[in-house]
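Visitor: Residue numbers (my numbering), protein chains in the order written: chain B, -2 to 253; chain F, 1208 to 1445; chain E, 500 to 870; chain P, 113 to 458; chain L, 8 to 307.
The reader is advised that the hints may include incorrect statements.
[Claimed, not checked] Not close to chain F: a few residues of chain L, all C-beta gaps over 10 Å, as computed:
no.	residue
1	Leu161
2	Met186
3	Pro292
[What the hints assert, rightly or not] One side of the interface only, derived from the structure: several residues of chain P facing chain B at Cβ under 7 Å:
no.	residue
4	Glu240
5	Ile306
6	Ala317
7	Ala321
8	Asp443
The hints are simulated quantities; they were obtained by calculation from the structure and are not laboratory data.
Note that CB positions come from ideal geometry on N, CA and C, so glycine has one too.
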Amino acid sequence: MRLRVSDVSKRFEGVTAVNSVSLDCSAGEIVGLIGPNGAGKTTLLNMISSLLDVDAGEITIDGRAVHNIGPRRTAIGGIARTFQNIRLFANLTVRQNIEVAFTTARRHRASALGSVTIERLMEQWGVAEFADRKASELSYGTQRRVEIARALALAPDFLLLDEPTAGMVEGESQDLVKAIMAIREWKGCGVIVIDHDLSFITSVCERIYVLDMGSLVASGPPSVLRDDPKVAEIYLGRKARRRLEEGTDEHRQSRQ
Amino acid sequence: MLELESVSVDYGAVKAVQSVSLRVEEGEVVALLGPNGAGKTSLISAVMGIVPVSSGTIRFAGQDVTFASPEDKVRKGIGISPEGRRVFSNLTVAENLQLGASAQPDKAVRAEQLAKYLEMFPILKQRYRQKAGTLSGGEQQQLAISRCLMSRPRIVMLDEPSLGLAPVIVEKIFDLIAELKASGLTILLVEQNANEALSIADRAYLLHSGRLRFEGAAQDLFNSDDLMTHYMGVGGAQ
Amino acid sequence: DGDIIIGHVAAATGELAPYDSVTGVQCMVDIVNDKGGVLGGRKLKLLSRDMKSDAALAGTAAQELIDAGAKVLFGPPTDDGLIPAGQIALPHSIPVLSVGSTQVQWPAAIPGIAYLTAYGDNASAASAAQFATKQGYKTALLMISHDVGSYSIATPRYFGETFEHLGGKVVGELNWNLGTTDYSPQITEIAAMNPRPDMIFSAFVMPDGGAFMRQAQAAGLDIPVFGTDTFDDPAMLTAAGAGSSLMNLGSHGFPSEGSALKAFYDDCSARGYKIENVFFGLGGEAVEIVRHAIETAGSDEPAKINEAISNIENMQGITANSITFKGRAGVPLKDVVIIQAKDGKFELADRILPDWVPAGDSTWKPANAAE
Amino acid sequence: MNGSLRSLKGAALTALLPIAIALVVIALGDGAQVRILSIFLINLVIVIGLQMFMGNSNIVNLGHVTFMGIAGYAAAVLTIPTTIKQTIIPNAPFALATFQLGPIEAGIIAVAVAMAIALIVGVVITRESGISATILTLALLVIMHTVLANWVDLTRGMRALYGIPMTANVWILLAAAVAAIFFGRWFRDSPFGIQLRASGESRIAAESAGVNVRFLRLTAWVLGSGIVALGGVLYVYLLGSISPKSFYFDTTLLTLAMLILGGMHSISGAVIGVIVVTAGFEIMRFFETSPIIFGVQIPEFLGLTGFFLGLIIVLSMALRPKGLVGTDEIDESWLRRRKSGLAERR
Amino acid sequence: MEYVVQQLLNTLSIGGNYALLALGLAIVFSVIGLVNFAYGEVIAVAGYVMFAVFAIGGIEYALVLMPIGVLAAVVISVTLERVAFRPVRYAPAATGLLTAFGVSILIKNFFITIVATRSKSVPTPAWLAHQIDIGIARIQVIQLLETTVTAIALLLLLLILRRTNIGLAMRAAARDFDMVRMVGINANKVIAAAFAVSGFLAGLAAIFIIARRGVVDPFMGFTPVLKAFVAAVLGGFGSLGGAVVGGFLLGALEVFFQLVLPPSIAGYRDAFVFVLVAAILVWRPQGLVGTKRQFGDKDE
Ligand SMILES: Nc1ncnc2c1ncn2[C@@H]1O[C@H](COP(=O)(O)OP(=O)(O)OP(=O)(O)O)[C@@H](O)[C@H]1O
Ligand SMILES: Nc1ncnc2c1ncn2[C@@H]1O[C@H](COP(=O)(O)OP(=O)(O)OP(=O)(O)O)[C@@H](O)[C@H]1O
Ligand SMILES: [Mg+2]
Ligand SMILES: [Mg+2]
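Chain B on its own, in the form it takes in the complex (with noise of 0.2 Å):
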């Protein structure tokens, strides 16, 4: 299964938010999204889960359309995901959180939910001791794994996610790392990932997109980030770069 994005364009009044983006990932595969604040890369996102119409260009699946159809649609055909700002069911409890895509994805994607069950999900992401607790009751980290562990509950094809790591410690992060890994052996879904958290960013993707003012502006494996001198100037700025060049123990190396 392939997600192509192609010469995709959208604006808001005045501000050409996404200027004509290709990219494309396959099922198994988790490609990066990255570039400076306000790149694009949650219109990009956006679009891709229909919550905007794409002003241009086209979104397919395997060669069927798949843009400019409601979020609910995106969703049963595949395509599942998380936000930059944590959107739970605030008064709903995790488990029922999980449920209401689960509930979606019994109806109309049956074939592909398998063995997953919202027990499961919620096992895996460390989230079943939390099951009858209210969403808006849990600290930052866990609500970013109930959400993700919703967006699975949809048994998606493709996965979205919006800066997974935003506000995590970096232990945390870490954690996230392998579980998205997880992820990937387990339904072979390909994910979409948003971050500004280079060492994630490095250790997860296997290629990864970068956005500049609406447009791409490299792509390929994480070593272009270290690479090539663009991305270095409008993206990283001295010290991160020097970080990258010089190894990923972040910790160590700049104690130095």
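We have chain B; now place chains F, E, P and L with the ligands onto it with these hints.
Guide: Relative to the frame of chain B, chains F, E, P and L with the ligands by itself:
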């Protein structure tokens, strides 16, 4: 300049901050570190007065401000860039900045500050008339930081200012902090990005489960592998 | 044999309150008791329950009062509350008198035990028409509304029917809505009519009618405005302000010197009651009817009292000089007083027992849709 | 699933209180008290019907009484004996004045008619969200009232229709109320109910999780309207007469107050709200009758009931902004409280 | 044509009254998201205070009574904010709505208990009813005033909200009360100011209503406020310009249907008006003035 004496904060049964004493001297940068849920934001909110202090006292510039209203504190010279950015989503960037300057009576200062931050964060200039709610996450963060500096406070409290920012902007933020420090501004900095924070701070506090686990020179904390690994997960092992 | 209980399912609060009167009833009960009560010394006792202008509550209140031993029920001014109360009274043969209602069809809903204290709307409208004709008015405009019920639709059409029967002409109908503040569209419309009607008949309620007359007069529309008992309230006069000079109405009674109503008002004022409007008098009249019936029946048994009421003939009332229930299916035959407002005060203009009254059930078709 | 068993138990627990109240009143109460109980049970049905759409979709509904009115009038017109209809509504459309139905057939038809109309207007209303949707429901109420008041051939206008056989006894009403409690709870806890509640919290997230928001809203709207309609039918079967005034703002406000006061997001909230408001109202009404308490005659004070009703609403909202019961069912919060001892905050 | 001009003038003043009230509702809604169903009682309070001053104080000079009425509306509006609405400021919308209902019931019954269910008269100056000939039509002083006052009130409000800090703060407080305080603004004062403005508008409207009706009664606020709600939503609730447009549009619809419906169906006027209102809302859910935009995952 800012002094907290055994301050506690409760949310019903949850004791978010337990008897924490902390001080920030004039011109200092103090880092406040701790894992998720440690109580950092609660502490800052208590200082601002938007969550009630259940015990303890807070002094600012020698005055007891434990029970002063947030607006009074801001007028006395405390600025805050809060967790979660909290930009006024239904106002434009320009209007957000204008409101940020409410506590600054001097028009000239306001104009000067505005020019300064628009130059520092050019994206704000480009999005000047756009509703803040439609800004990207990182743009909002830049706006939140600029907004709290508009009134030229005497002390600012920055709650995770680098959250959701691209590395290049993070760098800019830390450059800004350094610059503000050089200009004599007092800063209380809450950060997940411990290394950066400690490298710029004079002193540091480490908070965990609502209690202080360390206080002292920033460099000492930085060098304490134990503390950093144990509480901040830095270094990979947990 | 203790007190004889009268239960009053009263519209003491809510939008119907101006058209009911607990105090009028209570005052008359006091007077009767002070004069030695009924059946040789037994006292009347009033129990009232506020039905808050709510139909379901009227049923509950009726049940409570019957549980408490009421022999007679007084009811609120509209049928939506009267019928549930009447249905509960029916198995006990307890007579139900509405204090303020003028709706001619309501007694038919609970046949045999239901009565109006007042005349029917058809009689008051017919009297007004008879008076208007006598004044020489030839053309009339009807102002109707569906918002208040039969009172605001049927009454104008009863008037129209009688007016045309007497040789006048209804030249049109205009709609109004309850609670309207600004009647300027209607007033402009009337002012533009060519030729202008000689008069307007409406069944405005309080205080809309006052507002209409106030605004009509201010706009220079000098046409008399006729109405019936809802106009008979000092508050309506003040609401109309300068426009009260346009006001004509057919009502239940007038406290002219020497009248029974005047005596009743004076007595009650002396007892500390506040007379709000003509419904106070009707409240007294309802008690008087019951007293009369109990004495005639010589018993406090509901069925006997009921029987006695239905046979009342030419009884001296409080608002009217003669009241007859016999053969009238619950709607009494009474004369109607015609009142005009002069210099912000009501004056008695005429007393009429209409010669011709339209049939009690109008189909409510608009007058001009008949052609 | 064990979840549905739990919600069944919860519903049973919730129904216990009204059942107990009913049994006590039936056993010990006088005629008037049984009547008050009857109206209480009818209100219970109506408020649960209101809860189904409003509580789950999180859209304030000011138009529910519309369906009470439609069904009430339909049941009335169908059950009134032809002899009476010939005198009060001889020109009723669809030859309605020429036949009479039994209360059960008429009730079923009445609820069906109300639900059919709910379906039609629901398609429009459920498109909107927030205050726009609320104002549309308000518009619906005004339109229905205007039609009832003006369609004289069918409704007799503002005059009451009467002669409806009074077939609602208190056992039937109790059965209806209990059934409504179970149905309401079942819907709330069903996967669809959960999805609908999710959409009320965050529409974007819900749609992104594949929730068909409009369809679910419409479903809840039609089902809820059906329950309210049942309440309307029972209301006329109890009263024996009907007029448009019973289906306007006063009833809307009272039932809305019951629901929000108790807690609009749960069936327990609806039940508690109806109980508390009814009890408060009756207590106030008792004081209003100038009773003699401890030998002291309480002076008569008209309007006291309304005054205190207002006061109770304002105070309880200030003290418990989410309603007396809060957002969860009573049994859910008990469960949670028991468990929260185990799961510690990080 | 004189008749048409005259009816247009009538429409303007009816719409003006709705617009004033819609504006007062919209400003509170835009600041704290409260659907203030107790707004009608603010009107009633203005009226009853004027009545009390007249009945007890014996003052019947309109120029004294009117400002007192407006002041009373401002005071009650601010008081209600303080005692009734502040405790439910952060609560779900339904809670605020119910509190407003509660306040409405309470005040209404207060007047019923203390004064009377029946209406009470308030003196109104004769000059309000005077007519001015303007060539082809005649306009009453009250109509003229109503239209101009609405226009001025709107302009002033827009100026305040767009240009002054307090206006910005009002709009900001709508979304994040604490954050407003954290930029150094006394947000409680800001909200109180919004209620004061709202009360002021209700006071103005009350004067026009009472001048037309001559009396006050406990239920007097209900119908006007019901209409004002519809007007406010028609224009896009929370948008002040929209409230004004909605007010005038609703006035026009009412007058239009009042005049064109034949007598046989004239009683259905409100049904026609509301069906049309519903149609407009469905056609433009964001209101007549708002623009429809896609937000994606962003907040409005
Ligand atoms: N609904 C909208 N209306 C107007 N402008 C918008 C809207 N959504 C996004 N924008 C603008 O489009 C640009 C791209 O925003 P987007 O959220 O996609 O950025 P991003 O790459 O996700 O940035 P960040 O890393 O800071 O989250 C931004 O400049 C933003 O201001
Ligand atoms: N409004 C609230 N009600 C109840 N508990 C709360 C509330 N706010 C915070 N808490 C709890 O208080 C504790 C401290 O939270 P706080 O937000 O201060 O932590 P923090 O150090 O800022 O964490 P983070 O790094 O995730 O921002 C946590 O356990 C949290 O769950
Ligand atoms: Mg983003
Ligand atoms: Mg924090």
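Visitor: Against this structure, judge whether each hint is valid.
Guide: The hints, checked one at a time:
no.: 1; hint: Leu161; in the structure: holds, 20 Å
no.: 2; hint: Met186; in the structure: violated, 5 Å
no.: 3; hint: Pro292; in the structure: holds, 18 Å
no.: 4; hint: Glu240; in the structure: violated, 17 Å
no.: 5; hint: Ile306; in the structure: holds, 5 Å
no.: 6; hint: Ala317; in the structure: holds, 4 Å
no.: 7; hint: Ala321; in the structure: holds, 4 Å
no.: 8; hint: Asp443; in the structure: violated, 12 Å
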